[in-house]
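So the protein sequences, as listed, match chains A and B.
Per our numbering, the first sequence starts with residue 1, numbered consecutively.
Per our numbering, the second sequence starts with residue 1, numbered consecutively.
Residues of chain B clear of chain A, computed beta-carbon distances all greater than 10 Å:
# : residue
1 : Gly27
2 : Ser34
3 : Gly59
4 : Trp297
5 : Gln319
Facing chain B, a subset of chain A residues (Cβ under 8 Å, in silico):
#  : residue
6  : Leu159
7  : Asn160
8  : Gly282
9  : Ala310
10 : Pro314
11 : Ile318
12 : Arg322
13 : His327
These are computed hints drawn from the structure, not numbers from a lab.
Bear in mind that the values here come from a model prediction, so they are computed numbers and not experimental data.
No residue lacks a Cβ here, since even glycine has one placed at the ideal position from N, Cα and C.
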Amino acid sequence: MSKLNTAEKTTTALRECKGEAQRCARIGARDPVAGVVCLPASPIELTAMDDDHETYISLLLSDSNLPTGSFVASSGLESYFKHGFASTSDSTTISFVQDSLATYAHTALPFVSDAHRVVAKLNATSGEHPEGVTEVDDGQDKTLIDLTALDELYETMTLNHVARRASKSQGVALLTLYSKGFSRPPSLSTESGSNACDQSARMSILLDKFKLMVRKEDTHGHLPICWGALTAALGLSLERSQYLHLFLHARSLLSASVRLNNIGPYGAQQCLMHAVRPLVAGESARCKNLRTGLLEDSESNFDETLHGPANTWPLGEILAARHDLQHSRIFNS
Amino acid sequence: MQSPSSDVNQRTNPGLGRISLTTYGSGAVFTELSSTYPLKLLSPRITGHVATVYMLTYGGGLVGGDHISLSVDVDATAILVLLSQGSTKVFKTRLGQRRAVPTTRPTPAVTDNIASSNHALTTMQNLTFSVAAEGALFMLPQPVTCFRSASYTQMQTFYLSRNASLVLLDWLTSGRVSMGEEWAFSRYYSANEVWVEGRRIAKDVMLLDDLQVDTGAQLAPRTLRDRLSPYSCYAMVILCGPLVQGTIHHLGGQYDQISVFKTRAPAGLIWSLSHMPSGGGAIVRVAGKETESVKKWLGQALVGLQETIGIDVYQQAFQ
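Using the sequences provided together with the hints, build the complete structure.
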């Protein structure tokens, strides 16, 4: 999101009704929901507001009740236990979380990052042409082309039918979540012409188009691409988006482990509190600069053997693919 | 059958190889088969449309800084079987010259142009294949074995025409187990990309390295060995094209019969099969406690290929 641009426009608006806007900005600093509507004036307030906005979005997205389908995914954990790996060490759940998170970060984060980048770029530029409809559409088409290319590459790199299935169902659930759960309800509509509203409307159009392409099977709708696009559309920074994505992966593995009766709910909470944090921080630090290679221009020194996506856990791949062979199972992946 | 290459070429472009196979009359013919040190290509036999080539390296292995680059063309209806003799050993990364420098060697393998790159001491293999319609490539090498501290990068790209067939076996062992080395190398990177008619249908990238994230005081970091045990051999097979449909069908049938019940300990060998999202191909992965058991399993799983390449060549691959 272009902070400067937003700030400029707000400053103009502020001159018109200064007292009102300042009051809003003060409220906004404390109340993140108000922050979406009332944009702050000074850069200092802007940072605080952005932070509040991001924190609030993070809180919403980390709700385990969100209908994203992660409840039925164990990402190979159920198969791992079933194949006898639970008996080889004491802390099997956390070992699995370590290995699974490492390989997931290395394969998916490059796609999250690139999808976030293309959508964030559109989100930032769209404000510059409030009435230049053609230009906005052009940008949108280019963004959709990029997202589709990323989606296609992820499909060809996910050579495990169970993981592909799980990724697609969670991806499309995120797009639905955006259009149904994050769009502004008519009862809360603000004055038209507000910059934030315009941008949010443009992002809605973009993600709706992408969702339609998934429905028509023109593209796949894989989770990392949809996550990157969604978080960029909501104004979450790339770093927070990456971190949250890995955290959610780890947390959903722990809740799967609880459902599989491998650890108790308090044990899972302890893991989240003490073990998962350094893991998520470590893996996101390690993989935050990885790219897919699709968006690099000739001047970048991208070397896919160093900076590209890669699977780091071949055992996990085999076990995840064998999920459907289990005689009885409670998860879908 | 290695064709002589010029001295100049050898000095400036070490490790280059070129294979071009076509058909003439009722048999396959090499229009080109050349290589430069330390790569060596040998073709002991051509039987009908099936030609076999062994990919060898001097000294039976590669050292840090060795770069092998091979480009292969297979013409319509020709069938190329690419084998290696013994496992490809990747020795410890070391500065300077090759460990076993033959007297005929004009220059050290670590050349100036790669010394500046930040992973100049990685051993690299870059293989590119193109297979025309009705042609086939059977890539059935022995596994790669990386020794302690070795760093290895392998990139293989396959450009297939419609109706071309491919069997690609890519596998590695945990190291020199007899010397107590198990998953003791420092980095292994293998990328396989398959394109059919200009469209990428599969890209498999595997990275095994011992770089660990800081997990805080509470948790021990996971070593390569922690992640990959109890298995010491991992194999991946990509199958696509008309000549392998029977094998895919056969294996798919076997796979669907498996029913996993809860076990106390991991099995000695496990495998998985996934159909590719498009193009009618499949990918098979195998992990085993011993390399021999994986080899035996592969030999049985791919036995249908005998019909195409002949029993003698097949046995060479899986003996």
